[in-house]
Each structure stands twice: as C-alpha cells, then as structure tokens.
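Since chain E is already given, all that's left is putting chain S on it; use the hints.
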Amino acid sequence: MMRLSRPWMPERFRRRIERQYLIGRAVNRRRALRPLSDRTARIRPADILAFVTQRNERVRLPYFLDYYRNLGVAHFLVVDNASDDGSAEYLRGQPDVSLWSTAASYKRARFGMDWINWLLLRHGRDHWCLTVDPDEFLVYPHCDSRPLAALTGWLDASGRRSFPAMLLDMYPRGGLEDRPYQEGQDPVEVANWFDPANYAFAKNSYFGNLWIQGGPRVRAFFGHDPLAGPALNKIPLVKWHWRYAYVSSTHMLLPTGLNLVYDEDGGEMASGCLLHTKFLSGFAGKSTEELQRRQHYANSHEYRAYAEGLNAGAQLWCSESRQYHGWQQLEDLGLISRGNWA
Amino acid sequence: MSGRVRLGVILLCHADLPMAARMARIWAEGGARVAIHVDAKVRAPDLAAMRDALADLDGIAFTRRRRCDWGRFSLVRATQDAAEHLLRDHPDITHVYLASGACLPLRPVTELAAFLAADPDRDHIESVSADEVGWTVGGLNEERFTLYFPFDWRRHRRLFDRFVEWQRRRGVRRRLPRGLSPHLGSQWWCLTAPTLRAILQDPRRAEFDRYFRLSWIPDESYFQTLVRRHSVQIESRSLTLAKFDHKGRPYQLYDDHLPLLEESRCFVARKAWHGADRLLAHFPRPASAAPDLSPPQPAGIERLINRTIRRRLQGRPGLYMQSRYPRKDAENGKTAAPYAVFQGFTDIFPGFERWLGARVAGDVHGHLFSAEMAEFAGRPEIGPGALSTSAALRDHDAQGFLTSLIRVSGRMQVFQFSPRDSQILNWFIATDPNAHLFVVTGAWMLPLVNSGMPFDDVRRITAHLQRVELAQLDVLNSVWVKARVQVHDLADFLSRPLALLEDALGQIEPHAAPIRALPAMRDTSGLSDLLRRLRNAGLQPRLGAEGLPLAASSHEGQATSGRPDSERTAAE
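As you go down the protein sequences, you meet chains E and S in turn.
All residue numbers for the first sequence refer to the numbering used here, where the first residue is 1 and numbers rise by one.
All residue numbers for the second sequence refer to the numbering used here, where the first residue is 1001 and numbers rise by one.
Just so you know, these hints were derived from the structure itself, not from any lab.
There could be a bad hint or two in this list.
[Stated by the list, open to error] Covered stretches of chain E, as calculated for chain S (at least 3 residues, CB under 8 angstroms): (1) 40–54; (2) 153–160; (3) 174–182; (4) 197–211; (5) 318–329.
Glycine residues also receive a C-beta, built at the ideal position from the N, C-alpha and C atoms.
The shape of chain E in the complex, shown without the other chains (with noise of 0.2 angstroms):
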C-alpha cells in the first residue's frame, strides 16, 4: 500500500497545500479591499460575472465594458488598485458594476490575484466568471453571432468547467503613438495586427496546463532569452466553485482538471483568445511608469524590456503580420479551435 501511493502523492498533497494556502491568502487579503460601491446583491443565479483589476484604465473603460455587456456580462466586480485619473468615480456611476478600492501593494497581492481570488470566492461560486483586464478581449468562436451564454450553456452541457483563451498580442502599423486611442473607440480598430504563427509550446507537468510563449513581445524584445518572455497561455472562464483559486494570473488554476483543456489524443477542444490591446498610445510612458513603481512580476523586467526596447525605437509591425478581421481568420490560422461546438 505505502508503495503504491508513493510516488504520486507527495505531488497532489503539495498542490492541495497550495491550494489551500491560497485561498487562505485571499481570505486574508479581503480587508485590504475597502468596497466603494457594493451592487453584489444585484446579481441574479445563472449571471455571468467579470472579475477586473484595474489601475488609471479611464480611458479604456467605456468601451471595455460595453464590450462584455454586449457579450452578456450580467455583472463587473472591479478592484481598483489606487487610480488617479478618475476611472474610480467613472465606475462607481456604472449600474452593473461593484467597486472596491485598495491602496495596497499590487505585486505583495500576488499582482492582484489575492484580491480576486477573494472576489471569486465570495461572489462567483456557481457562476461563469470571466477575469480580465481591462485590455482584453474576449473572442470565441461564434462569437459574432451566440453571446457569451451560449458558449457556457454549451460548456456546462459538455461537462466542461473552463475554457481557455490564449493572449494575442495586437499592435498597429507604424509607431504606437502614431493613431492616439480616443475613449469610447474600439481598441483593435487601432491596433489590429498580430503575430500569426511564432507560438511556443510547453507543458507544465506539475499544474498540466500549457506553457505559451511567443507573439511579438517575444519577437522584439526578449529575442535574446526566450525563456523570460511573458506566458500566453490564459484560462479566464471559469464556472467558479470556492474551492479554486488561481495561481499565477490567470495562466493557470487549482485543482489541476481545470488546465486540461488541451487534447492530447490528436483532437481539438474547444478554445477562444484574448485579443490583448496593450500596445497602444500612451504605452510608452505607462511603461516607463510601471517601472518607475516596480509593482509587476518579477522585477517588472518585462517593462525595463519594453522601455529599452521602445527608446531604440523598435515596433512591433513587421512584414508577416497579419490584419485582424474576426474569429474565423483565428480559427483558421489554428490559434483557436471550434471543437465540437458545431
């Protein structure tokens, strides 16, 4: 018996371990949260949820949230992580969305997980719950024609608990700050190409979820050590059940079953993308920002990137991008699949 269990136990003890300190971490992290405007009791059963941290987003934030309310967002739970351009009052006005404010130290709460592991712990349960910035955009196949409801109808049909959409990077033609973005705009009308096919894949044994790298950020800036190049892999939809918790952004969750959304038989499952509008203008000085704050992941040397990188002058445009024109070009290029949802 002891021979038995030993060789994969310790592995799934120390990932329940994981788990469960975790969660309590979040538990903890809850009174770093100070609610501004609580409309949670709004939320109706089968609502689907968007779970957002933000930070000085203001100009974004009209279309982003027209964008999931369009798609079937019933409800926004906000953390605002000490904005100072207004974005907290310009929230607080919306119906739809429940605010809470922190001045705590975004990299000390795990780069804001902890926060929202707390939200989704105590709003999410039972629900889909979608976590995302406020420079991703959700897209599905189908996504032009079946709202968001469809999609986790169809996934709870299938028994599926999450559905992964890997990040794509977009960028426009020329300097970032050639077109200024105007609020209210759709982002990807201004930044609208991407990388087609320079994806790296991994697995990672310990969590099983995979480990994507790539796309134009890697391309241009981290060419020379392709290994510290941000992780592309995202697993944003989730039908929450308290006792999950992200680990690491949204990249990968606890219990491991919700990363296996990948087939390993040949087959194709189901998968959308982010369309990830971080290159826009103002990109610039916010990096510059951001480093000067030393708040991201590991020593913000991906910004200390991207500020070297822009200085040089470099831009992400190249001769094999490809102009975005919607979830069918995706799933041909075989960045996202349909399944079997027909």
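Same frame as chain E, now just chain S:
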C-alpha cells in the same frame, strides 16, 4: 389538417418548460393532439406556469408524471403512458409523433400531416439491426441487449462500469425474448396508430417490458425493436433531425444555423438553444397555400456536424495549439504538408539553395536549423508567420517552429541540413510521413578540405561531425522511420551527380525541366589527401568519402566506387 391524417404528439419535457410550452402551442395550433409528459423532478411552480401558459388551448393533456433518468426504462414507460392516453382519448388519431420539449418544428404541422398522408401506412422510425450499428457511443452495441443494467449511468457511474465489467468476466449473456431481433435507432419516431396500438396491446408486452427494463438505453431500442414485429411498412429514417456528438450529447442549434436548417427541409429539429431567438421566431415556417411534400434532406447540416465531430476527435494535422497538444505519436499528422530536407548538397554545390529555388515551386530555405540563426529563404529578418530568426527562440520549441512554418506557408517547404545544424528534430522528421529526406553522407567534409584551418582543428571537427552524422544515420536506419529517405554516400554521389540530382528534383517537383548542367561544384581535389592524413592521424573516416580513389589526381566523376547504390544504408 389533411383529411385522412390526424396527428397526435407526445411531448417529453424535463427542463426548460417555457420553451416546451412554446413547442406544445406550435403543435396544438397546427391541429395536433398533444400529450405532455413532464418529468417528476420538475418543480411544481414551473409546471403550474406551463399549465397556465397552455390553459387556453384544448387538445392538450398532461399525462401521469414519472421520474425519468437518462438511459433507463422510465423514459419508455412515460412514452407508453402518453401514447395510451392519446389513443384512448382521441380514437381518431392516425399517427403519433414522439418529440421532446426542445424539439423545434421547422415546417408547418399541416405540411407534416400532408407528408404523412401521402403514404398513410408508413411508420417513420429509424430501426437498424444491432449487428450492423456502427454509431453508438460507448462501445455498448450488442451488450445493451445481453447484459443487465440495473444501475444509473449518470448517478452511479462507477457501480455501472464495475457491474458491466463483472458481467463480462462472468460471461453473462441474457437471452432475448423469443422472436425478437434487437434493433436500435433514434429515439424520436412517428408511428401509425395501428402499429402503436399493436405494440401497446401485444399479448406478450409484459414479457417484453420485463426484458427491456434492465437493458441499456431502452428508449433507443424498445419501439425500434418491437416495430419490426408489428409494422407493415417501415421507413427507417427519423423525421426529427437529431445529431449527437462523440459523447452522445445532442447538438444544440443556434441562430447561425438558420440557413442550413431552412435548407434541410426537416420537419423537426432537436434541439434549439433557449436563447436562439431568431431561430425560434423564424420557425416553424408559416404554411403556404400548396403544401410542400418534399422529404427531409438533412445532408447539409449533417455534414457540418460530422465535420466538427471530426475536428474534435482528429483535429487538423500538424497543428499544435492551446487546445490541441497531442502527445508523441498521437499527432494524427505530425506536420500539415509534405516538405523536403536536403543534407550535404550545399557542401557539394555552394550555390545549391539559389539553384534549387529557381527550379521548384516551394520555398527553398537555407539551413533552418543552423547554430547561428534560422536561414529563411531570402534571409529576411523575420520569417514566414513572423517566426523569429533567433536560434535560441527556434530551439526553445523546435518542433513548434517547424510545424508552424509548414502550416502557415501554403507552399512546399524545402530546407538544407547538415551535421553542423541543431539535431533536435532528427527523430521527429524521420518519423513524419510528410518528410522527404535526401542525404549525401560525408559531404560536410568538403568545406574542410581547403579551409586553411590547422590540421588539428580539422581533425577535431571531422571527428565531431562524423559522430553526429553517424548518430543521425542510426535514426534514419531504424525501423520506426516513416519519412521517405534517400541516403547516398559522397563517393557514390560524386560518381553520378547529375542522375541523382535529377532524381531528387523529380521527386519533389515532378514537372521540373530536365537539368542540363550541374550547379557549380566545390573543388574536391584535396579530399583524398585529407582523408589519408586523417587516417594516418588515427581517425577512421566512415562516411563514404573513403571510397574515393586514394591517389586522386583528378576528381570529376572518376571515382569508380565499388559500393552499391544504397538507399537507407551508408554507415558501416
């Protein structure tokens, strides 16, 4: 309603009652008698709301509620109850249609009646002999009828599986009631009243019910089997469009399926998503003056669904992505398209890449796996699909690099290779049926001949590259090779370069013009001398160049190699 046909409909409902009420209204307003069975698990207020919604219609009856579990006999029992109810209360009924609360009528009910009236004695029920069925999910074809299934699959999965396993081990084999031959088919049917009555009033019904109570998924086999006993005329096709995925779950229909459904001419489709407002508003189509009697032609939508099933089960070959990451040897197509690898040719002909590029339709790259950088055709800074030229990025996921390159470019990919390049993908390429390898062993030695390097360095490099190539040849000579591999040693190749080159070119570009002249060849005059010095320095050259004549005064084509023309053999 057509003069001769009076339609009765059995509606089985277990969830989403507002939708079911909507469907019941469509049927009733189309002139059909409706018997509704509502699962006993449905909460009372929901049912009351449904009754209220249908209160203004007559011809609708609610039958005795039973607790139904998927795959169990309770579903058949509910159907029997409702059928008896219909036939008793409305003796004038000529046909009974079995539908669910999520089945959406696409064509007007009167058109269905007219269609049935065209051949009023025909029973529309899919009924396929269990020996011939290839489509059931879960592998239980025949065993549905020969084992006992007392446990619920959804609630007691483990018990269910173990009990099946135990029965298999014990060799349990139930005997079918005498005279029955097992048939399977879609759960949704349309039977004539005489056939249905005969099934329900069969003197041996108690015996049959007892038997089917413990069989697996009797709702797909009870009526389908018994109809063979009583029916005069069977049309073995369901009038309801109901497709299942590879796990046996019904497909849902959404707004964007509207054109396909319209085209399918099916009478009823299962099952519409409750939020598909456009679909629900569009169907059923209003009745036209002259009823259209064309039979259903569901080929279009079935093709769509079969395509998605195939995509879910087999995926697109050569694709590695966030939701498809096949483990080794389960790739179902390691790469997306054929490609060719030339090894040693650039060492013999320095301008080979450009020469070949002018003769084949594909992209001819340099050494994609060179240690310095990925040498894409034309040497751009960023390769096809925005792949980086950085060797570090490439080697981070070399397999992904190659498969992405092949998948993203529509043309055939050709690249150069040598023992100096990264050898990570040797096994991958050798086991890929899409790969076409042309190898000249030992050719890497040619650039060393007049390199001007100190002899010690040449000796060291030779030893290293020879080891690398021998290891690669071990791979190419293994029994696992799936690629098309052609190996020639250097002496053999130099003895008839034109013929071998023409042969290789013909294989990747069948319509290429015949080669008139060879590309410029590297000077091989010092090779024999170098080989002798290497041998004398204690290194045994083993890759074919030793076949060259020792006292080489001239080189071109004079080497009378005694070695046989070798395919897949070189190293010894």
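Within 8 angstroms of chain S's CB atoms, at least three CB atoms from the region 318–329 of chain E: coverage verdict: Contact hint for the region 318–329 of chain E vs chain S: holds, 4 residues under 8 angstroms.
Coverage of the region 40–54 of chain E by chain S, judged on three or more residues with CB within 8 angstroms: It is violated: at least three residues are needed, and the region 40–54 of chain E offers just 0 whose Cβ sits closer than 8 angstroms to chain S.
Whether chain S covers the region 153–160 of chain E (at least 3 residues having a Cβ closer than 8 angstroms to its Cβ atoms): holds (count 4)
Verdict on chain S covering the region 197–211 of chain E, criterion of 3 CB contacts below 8 angstroms: Coverage by chain S holds for the region 197–211 of chain E (8 residues, Cβ < 8 angstroms).
Chain S over the region 174–182 of chain E, status - at least 3 residues with CB closer than 8 angstroms: Three-residue rule not met by the region 174–182 of chain E, so violated; n is 0.
In summary, the structure is inconsistent with hints 1, 3 from the numbered list given earlier, while agreeing with the others.
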